[in-house]
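Q: In case you want the letters, here they are:
Protein chains: 4
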Amino acid sequence: MALKTPEEFKESLRDGRVVYIDGEKVDDITTHPKMKIAVETAAFDYVMAEMPEYYDLAVVEDEKTGEPFSRYFHRPRNGEDLLKRHELMLTASRLNYTTTPFAREMIDSFNGCAVNAYTMGNKDYIERVDAYLEHLKKNDLSLAGAITDVKGDRSLRPGDPKQAHSDYYVRVVDRSKDGIVVRGAKMHITGSPYLNEMIVMPSRNMTEGDADYAVAFATPVNAKGIIQIAHPFDYHRGSADFPIDIPVRSHTDAVVIFDDVFVPWERVFLCGEWQDAARAVYNFAYMHRHTAVTYHIAWVELIVGLAAAMADYNGASRAANIREQMTELIFYLNSMKSLARASCMDCVMHGGIAIPNPVTANVAKYFYANNYHNVVKIVEDICGGILTTAPTYADWQNKETGKYMEKYLGGRVDASAEARLRVVQALRHYPCLGTELDVNNIHAEGSLMAARMTMYSEARPDLKLYKQLAEYLSGVTKMSWEEYVQLCNELGKLGRGAQ
Amino acid sequence: MALKTPEEFKESLRDGRVVYIDGEKVDDITTHPKMKIAVETAAFDYVMAEMPEYYDLAVVEDEKTGEPFSRYFHRPRNGEDLLKRHELMLTASRLNYTTTPFAREMIDSFNGCAVNAYTMGNKDYIERVDAYLEHLKKNDLSLAGAITDVKGDRSLRPGDPKQAHSDYYVRVVDRSKDGIVVRGAKMHITGSPYLNEMIVMPSRNMTEGDADYAVAFATPVNAKGIIQIAHPFDYHRGSADFPIDIPVRSHTDAVVIFDDVFVPWERVFLCGEWQDAARAVYNFAYMHRHTAVTYHIAWVELIVGLAAAMADYNGASRAANIREQMTELIFYLNSMKSLARASCMDCVMHGGIAIPNPVTANVAKYFYANNYHNVVKIVEDICGGILTTAPTYADWQNKETGKYMEKYLGGRVDASAEARLRVVQALRHYPCLGTELDVNNIHAEGSLMAARMTMYSEARPDLKLYKQLAEYLSGVTKMSWEEYVQLCNELGKLGRGAQ
Amino acid sequence: MALKTPEEFKESLRDGRVVYIDGEKVDDITTHPKMKIAVETAAFDYVMAEMPEYYDLAVVEDEKTGEPFSRYFHRPRNGEDLLKRHELMLTASRLNYTTTPFAREMIDSFNGCAVNAYTMGNKDYIERVDAYLEHLKKNDLSLAGAITDVKGDRSLRPGDPKQAHSDYYVRVVDRSKDGIVVRGAKMHITGSPYLNEMIVMPSRNMTEGDADYAVAFATPVNAKGIIQIAHPFDYHRGSADFPIDIPVRSHTDAVVIFDDVFVPWERVFLCGEWQDAARAVYNFAYMHRHTAVTYHIAWVELIVGLAAAMADYNGASRAANIREQMTELIFYLNSMKSLARASCMDCVMHGGIAIPNPVTANVAKYFYANNYHNVVKIVEDICGGILTTAPTYADWQNKETGKYMEKYLGGRVDASAEARLRVVQALRHYPCLGTELDVNNIHAEGSLMAARMTMYSEARPDLKLYKQLAEYLSGVTKMSWEEYVQLCNELGKLGRGAQ
Amino acid sequence: MALKTPEEFKESLRDGRVVYIDGEKVDDITTHPKMKIAVETAAFDYVMAEMPEYYDLAVVEDEKTGEPFSRYFHRPRNGEDLLKRHELMLTASRLNYTTTPFAREMIDSFNGCAVNAYTMGNKDYIERVDAYLEHLKKNDLSLAGAITDVKGDRSLRPGDPKQAHSDYYVRVVDRSKDGIVVRGAKMHITGSPYLNEMIVMPSRNMTEGDADYAVAFATPVNAKGIIQIAHPFDYHRGSADFPIDIPVRSHTDAVVIFDDVFVPWERVFLCGEWQDAARAVYNFAYMHRHTAVTYHIAWVELIVGLAAAMADYNGASRAANIREQMTELIFYLNSMKSLARASCMDCVMHGGIAIPNPVTANVAKYFYANNYHNVVKIVEDICGGILTTAPTYADWQNKETGKYMEKYLGGRVDASAEARLRVVQALRHYPCLGTELDVNNIHAEGSLMAARMTMYSEARPDLKLYKQLAEYLSGVTKMSWEEYVQLCNELGKLGRGAQ
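Heads up: the protein sequence lines correspond to chains A, B, C and D, in order.
Here our numbering runs 29 ahead of the position in the first sequence, where the first position is 1.
Here our numbering runs 29 ahead of the position in the second sequence, where the first position is 1.
Here our numbering runs 29 ahead of the position in the third sequence, where the first position is 1.
Here our numbering runs 29 ahead of the position in the fourth sequence, where the first position is 1.
Everything labelled a hint here was simulated from the structure, so no lab data went into it.
Values in this document were obtained by computation on a predicted structure and should not be read as measured data.
Be careful, since some hints might not be right.
Quick list of simulated restraints, FRET-style, between CB atoms [as the list claims (entries may be wrong)]:
{"id": "1", "chain 1": "D", "residue 1": "Glu-237", "chain 2": "B", "residue 2": "Arg-186", "range": "48 to 58 Å"}
{"id": "2", "chain 1": "B", "residue 1": "Glu-512", "chain 2": "D", "residue 2": "Asp-153", "range": "47 to 57 Å"}
{"id": "3", "chain 1": "B", "residue 1": "Val-210", "chain 2": "A", "residue 2": "Glu-429", "range": "16 to 26 Å"}
{"id": "4", "chain 1": "D", "residue 1": "Lys-54", "chain 2": "C", "residue 2": "Lys-436", "range": "12 to 22 Å"}
{"id": "5", "chain 1": "B", "residue 1": "Glu-512", "chain 2": "D", "residue 2": "Asn-251", "range": "51 to 61 Å"}
{"id": "6", "chain 1": "A", "residue 1": "Pro-62", "chain 2": "B", "residue 2": "Arg-186", "range": "29 to 39 Å"}
{"id": "7", "chain 1": "D", "residue 1": "Lys-522", "chain 2": "B", "residue 2": "Lys-93", "range": "43 to 53 Å"}
Stretches of chain D that chain A covers, calculated by requiring three or more beta carbons in the stretch to come under 8 Å of a beta carbon on chain A [what the hints assert, rightly or not]:
{"id": "8", "stretch": "359-369"}
{"id": "9", "stretch": "482-491"}
From the three backbone atoms N, C-alpha and C, an ideal C-beta is built for every residue, glycine too.
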């Protein structure tokens with residue numbers, strides 16, 4: 030029992046797992062050009078555990094044996110534990126260049142199973158979840174959570190015979206003395222191609238007719254019958270980008286096929302108890318929505334910083350509208366932070382495990398997700414069309430064009446063209462920001478502010494008449510009835526143009 | 030004087046223009062792999078003029094000579110003319126697979142110059158704009174508008190000596206008997222690498238110290254000293270996509286350098302009259318904001334249709350929340366349409382030219398741009414995480430993975446996996462939609478609706494207490510003071526979890 | 030057949046109708062202190078028809094006989110007719126001091142019945158609706174529309190036996206050779222206590238079990254068995270207000286009881302055809318939602334004017350945030366106007382009658398209603414806490430306090446305290462505006478802008494760190510790993526205060 | 030030194046103070062019919078200190094002497110202290126029937142002065158603020174804060190000679206050995222007519238020319254020269270309301286005139302140090318914005334409960350749209366609660382006093398105030414037009430009308446008309462809710478939901494065409510070019526009605 034080194038973690042991934050990407054089968058996940066970035070991204074969790082200054086944050090020592098294990102494998106018992114976890118996830122994301130390692134954040138899904146076992150009071154399940162936790166600690170494993178089924182017709186339940194086939198949700202197709210055999214597919218499974226284990230659990234509440242679908246278990250990802258189709262991801266720094274001496278970090282996910290996979294009973298945490306299916310996934314969700322809002326903080330901090338840099342380089346940071354927009358970004362970021370931590374402090378105890386407050390964790394995640402697109406709009410409005418239309422690094426290197434870019438793409442006196450182009454390129458790697466046509470939506474034909482200013486200046490004659498009306502009807506001024514009729518007629522012509 | 034064929038249009042682009050893209054100089058814009066799609070996109074304007082059923086919409090015949098010319102070159106004289114133009118632009122965008130041809134929509138910028146000339150009452154300018162219009166008609170030219178300067182420090186005026194250099198806005202650096210010489214750079218210039226002419230005009234109001242910057246003119250894009258740096262654009266259908274028998278359409282733009290470009294006097298429409306600089310650009314903006322909202326309608330129609338298709342394939346089209354979201358999309362699209370047309374009907378006359386109502390045109394453009402990101406959020410919430418995580422066409426073709434995709438990625442009984450994947454791929458080509466991490470923002474850890482439903486169900490005990498409070502304080506129920514104190518204490522514990 | 034004078038209209042209301050208000054029975058509606066303002070408000074429709082300059086707008090002459098009748102009784106046949114009606118309603122509202130007369134706007138409900146009759150092709154009904162229209166014209170009558178049923182349990186249909194009783198929706202309880210007898214109650218019936226006729230129609234779609242509830246008819250409001258309970262309304266200018274030489278205008282409404290009311294067959298427009306119930310009310314709604322957005326324009330014009338006046342008096346009209354807010358008001362008002370008129374121009378023909386475009390009319394009404402509360406917030410933020418806390422006119426008259434008010438409640442040099450107080454009082458008569466505690470919500474502890482400015486200034490240290498992060502991660506600056514770790518630690522302390 | 034009883038508090042208000050209301054001078058504030066409710070509201074703070082179960086929350090004992098004093102007079106030293114204060118204010122508001130007592134919440138303003146004294150390190154001021162705190166404790170006083178000046182022209186600073194006169198901000202007009210004389214007026218001063226002391230402080234930052242306006246001090250409200258003009262407030266339960274056996278609670282405020290008021294030096298906390306003016310008011314604001322969001326929680330809890338009751342009585346609580354709206358209310362209330370408490374936990378130390386986190390406290394207040402009007406809209410949409418149109422209690426008592434109200438205004442089987450009317454009346458006492466015309470905005474012509482449903486159903490043909498377009502352009506279906514042109518033409522007709 031010992032902490033793995035980053036190299037040992039990578040070595041553990043060369044285990045015969047079946048992963049496809051973009052039409053080809055992956056031989057070695059740790060060296061494949063389309064996958065190795067993701068492996069490095071996850072490995073940072075093991076790197077951090079080796080950094081002395083973060084040992085107390087990342088590692089917990091066994092109360093009895095003193096043996097160290099990852100804090101993720103410590104069952105939270107109170108708000109303080111949750112706040113520590115929160116700080117661990119956020120700090121790791123910051124250190125990992127704003128990207129969460131996500132090597133064990135999906136312990137959330139296993140914790141959901143554990144809450145379930147303890148709440149059901151099922152001795153077998155309790156024994157199994159406790160044993161599996163020791164397995165994780167002892168081998169310092171990483172794990173993915175596989176929750177979302179592929180679903181088929183969303184208006185039908187898993188076991189509804191009107192579904193095109195019976196396998197749209199993962200289900201038990203055979204039971205034996207040794208274990209169960211499962212079939213189906215899970216989707217949007219982040220990290221599973223490059224992590225050790227997978228926690229599989231139901232994605233929804235169930236009825237009696239869905240009993241075969243009420244199944245939760247753990248499995249190594251290299252189990253026979255597991256086929257993963259990973260999707261290619263944005264490498265997050267292209268040949269068109271200015272070179273930069275910082276590693277690229279990114280994750281990807283997979284469609285995971287369970288083609289009659291055997292699971293031994295000691296890894297089965299739910300099997301047929303359809304009444305208990307929802308509790309597992311709900312408890313997972315309370316924890317994981319807090320996890321999500323946590324690691325996104327690191328990301329939003331960078332976006333806010335990039336917007337602040339661009340406003341400064343453009344000489345616009347003191348403009349009233351830019352300050353208004355920066356204020357909106359601060360409001361967003363600080364609300365996320367406060368709500369995320371409040372959900373820890375107001376935790377509830379489920380099955381003996383501390384869970385972030387179910388309402389507040391959802392409030393925090395919803396606040397973050399529901400307002401992100403407004404943040405995109407604001408950042409694009411601050412940064413301008415150059416987010417889309419900036420020439421490339423190749424153009425910069427070509428002397429014929431580079432000289433003009435250097436001259437013309439600068440900002441205020443001490444803001445170089447290169448600095449502006451670098452900020453633009455950093456922003457483009459964040460969702461929506463800099464998406465070609467998206468910035469056009471905001472900036473082509475003038476910014477949002479340009480449209481607003483024109484409305485105001487063009488409506489000046491209207492405002493003058495409305496004010497006359499207001500002053501008469503509040504008794505500030507006097508008019509004859511004839512004058513009032515005349516004013517009404519003028520109001521009737523406003524905005525009617527040449528007609 | 031005759032209408033050009035699409036082939037003649039393309040031929041006219043092989044004229045020695047200087048265009049760079051991604052670090053290399055473009056030899057023939059019409060065949061260059063990174064540019065030819067844009068050329069085809071613009072050429073559709075010439076295709077449409079040859080379609081008999083659209084002749085009346087796309088072509089106007091000279092009142093005297095009967096000679097045909099593009100409707101874009103007909104100066105609008107009333108609301109009807111503007112509505113015709115609106116219909117032309119919108120129909121062309123629809124026929125061109127939702128992308129505006131944009132070959133002459135930038136006549137808006139020239140019309141801005143014409144309004145200016147007539148409003149100033151400057152005979153020379155009037156003569157020149159009238160002559161140039163005949164030139165456009167006679168040669169059936171296409172044209173770009175070059176408005177946005179590169180600006181430098183946004184807090185300083187063009188002529189402010191504190192700017193890092195004097196060329197952040199295009200300016201006159203020399204005047205002679207024959208014409209003027211201009212220097213500077215314009216940015217975000219859509220279409221100029223693959224259109225014939227360019228209308229250059231000031232991008233803002235000016236003061237006396239900016240007189241050299243108050244310059245407007247027309248020039249062929251192949252004039253000596255014009256260097257264009259185009260930016261590479263998304264080809265809008267990648268190798269990962271399902272093949273489809275419909276042409277790709279897309280535009281790009283350029284940074285345009287004016288390296289001491291000579292412009293003969295007959296093409297100069299403003300030169301030094303700083304008081305008149307703003308009028309030209311404002312009138313351009315009134316027209317062009319209407320133009321923009323017009324051609325985006327075609328785009329939004331498709332997005333709404335794709336969302337409707339996906340909801341249907343998922344078996345979700347009758348769910349209350351999906352209907353709510355479809356309603357929001359309808360509200361958005363129909364408001365855009367009504368506001369755009371209202372701006373025509375309530376037009377104003379400036380310098381004898383009908384201009385879409387200045388307030389309404391801005392209202393329409395602002396409404397569209399300010400709410401687009403909300404549309405993105407809704408469409409992503411409707412479509413689900415598959416927008417990001419769908420495997421590729423290569424995976425589909427690989428028999429080992431394709432068979433699972435076919436089985437597992439289907440929707441309701443008669444919605445095939447292929448249909449769902451095709452809709453996903455079509456959506457991904459629109460701004461933000463399907464951007465990798467963006468969909469994660471919405472869907473990772475559950476959709477917006479999942480978070481909302483959890484908030485509601487978790488807050489049921491809260492609601493019960495709030496209702497008790499309400500019934501007592503409105504006199505529906507009775508309580509003793511002690512019972513009320515007890516109720517207040519219970520309220521105090523809500524949301525405070527285990528503490 | 031002749032137009033009624035305003036006096037003849039009032040005389041026609043003294044007809045034995047049964048109206049209660051605030052616990053007492055009303056003897057003469059035209060003189061009752063709680064009702065006469067409403068009577069005068071409606072009477073303006075008859076006043077306007079007598080104004081020569083509005084004759085063409087308010088009056089139509091019979092094509093055959095040349096006899097004049099109210100434009101409301103002209104069935105619209107095209108978009109032009111609808112635009113005329115729109116202009117009539119809006120002009121009347123403006124002239125009537127921003128309040129719609131509403132004497133015949135509810136012809137919308139009768140038009141819904143007429144559309145239904147013609148669409149059904151039911152000869153009896155067609156004959157009856159045509160005859161009733163002639164009756165309205167000939168007697169120059171006013172009319173209310175009674176649509177909303179009291180409903181009982183909203184989750185149950187009208188005829189569901191689980192309803193507490195059978196009369197929650199108006200229904201036919203008896204049929205005879207001469208006519209039908211109806212029972213039930215309608216609610217929120219604007220104007221019925223002081224208008225001549227009432228059009229009663231179903232408020233929803235029906236099923237076969239609801240056939241008795243599928244009933245539409247016209248009746249004089251003084252028919253035996255009709256009891257109206259009007260609710261007291263705000264007189265819209267109190268003793269605390271500064272006196273002003275402009276009439277008060279306001280409406281009220283009633284709960285209308287149908288206590289076994291007889292309706293002769295010639296006034297019955299639907300009776301049992303449950304499949305046709307929805308069409309009548311939907312067509313009413315298309316028309317009436319356009320009507321509603323129309324007359325509210327007059328109201329919003331005044332609110333915008335009052336906000337502009339207050340901003341000016343406060344010396345704040347040039348502040349960036351105030352201009353932003355005025356722009357938002359302009360956006361709101363102009364969108365309402367454009368959408369309302371667009372719904373006329375894009376009308377549809379139902380049963381031979383022009384109906385404002387069903388989608389657009391709803392878009393317009395929804396836009397207006399859904400955003401009104403944002404307007405309230407903005408106007409309150411512009412005007413400040415004085416909206417609530419201003420002393421009264423009695424304080425102004427008391428010399429001891431009046432002298433201080435005059436000195437201290439002034440604004441910029443030429444804006445008197447009286448002018449500010451008058452604007453405040455005019456605003457208070459509009460929904461929400463100036464509601465005591467509502468303004469507190471915005472202004473107590475500082476305005477919205479004050480909170481925003483504090484967020485920004487307090488977050489300056491945060492922004493500085495975010496910018497450092499951005500500059501390093503985009504490659505603008507360099508850092509060692511140790512420096513980066515240090516930066517991450519500082520980020521971790523932000524917003525954590527003294528802990 | 031002892032805690033005052035509620036009666037002693039009331040007795041202390043009979044001290045010769047000069048208060049006017051609605052044009053008349055108030056003789057005894059504690060018995061005046063327009064003021065006594067406010068006195069009782071404040072007195073609850075003294076009531077609560079006598080309740081044994083809240084002694085620990087409301088009272089602190091002196092560390093040395095063991096003498097008890099109000100927790101408000103305990104200077105907070107850490108986040109725990111702030112959380113206790115938060116709980117005290119919120120609990121008091123709940124117990125006081127949702128209204129904050131506000132007898133000493135304005136200690137926030139004095140704390141602002143204390144922070145200033147300690148930060149300046151001015152020994153005199155430190156001595157004075159410490160002595161004054163002892164005075165407050167010893168005499169168990171209540172206090173108001175007077176911050177907002179009347180301001181005059183908002184674009185000018187206090188000392189700008191362009192102001193109409195020099196007294197728009199409170200200033201020092203004389204200094205002597207014994208103290209200073211101040212002149213000016215403060216506005217929106219909650220509670221000052223019925224509390225003991227007043228803390229007066231600058232309302233903004235100052236420049237050197239404003240030195241005479243940089244003045245902060247404490248004074249008894251009965252000091253010579255203080256004239257208060259209170260404004261009449263809504264008694265919050267009218268004769269039209271159903272009787273209810275719960276006390277009415279409400280506050281009011283005043284314009285406070287300082288007509289050359291003498292203040293002895295020992296009560297002067299700032300005098301001329303214009304550089305320090307802003308710090309005092311900013312620190313007050315950090316604390317007081319937290320205070321404000323705190324006591325509003327009690328209020329919002331009731332509003333949410335009333336909405337839940339009405340939805341239930343209407344039989345609508347299971348409708349999807351109602352659940353969506355209840356979810357929005359929960360989101361709002363829980364965010365307020367979490368943000369308010371987070372601002373305590375992340376407190377900062379200023380001048381040795383714990384201050385709620387400046388960014389978070391403003392985020393919380395802004396969140397609450399900026400979204401309140403949306404809550405109004407939702408509650409009105411849930412409750413329906415009856416919020417406005419419900420007949421009165423007098424109608425209920427009149428047998429002729431009461432019998433119909435009882436029959437027709439009921440909801441689901443076990444929801445009586447009386448219960449519904451009581452809930453309506455309780456809601457009407459909250460800002461905007463039930464304001465006559467406001468509910469009309471939402472409900473006249475159908476609810477927001479009715480408009481949305483109509484948009485959706487009327488746009489069905491549009492959606493069908495958009496879907497066809499989507500399926501063709503994504504390659505799901507095939508079309509010939511002719512068919513595509515035809516589809517585009519049909520798209521062109523959508524929403525264009527009969528034209």
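Q: Hint by hint, which ones does the structure fall short of?
A: 1, 5, 6, 7 and 9
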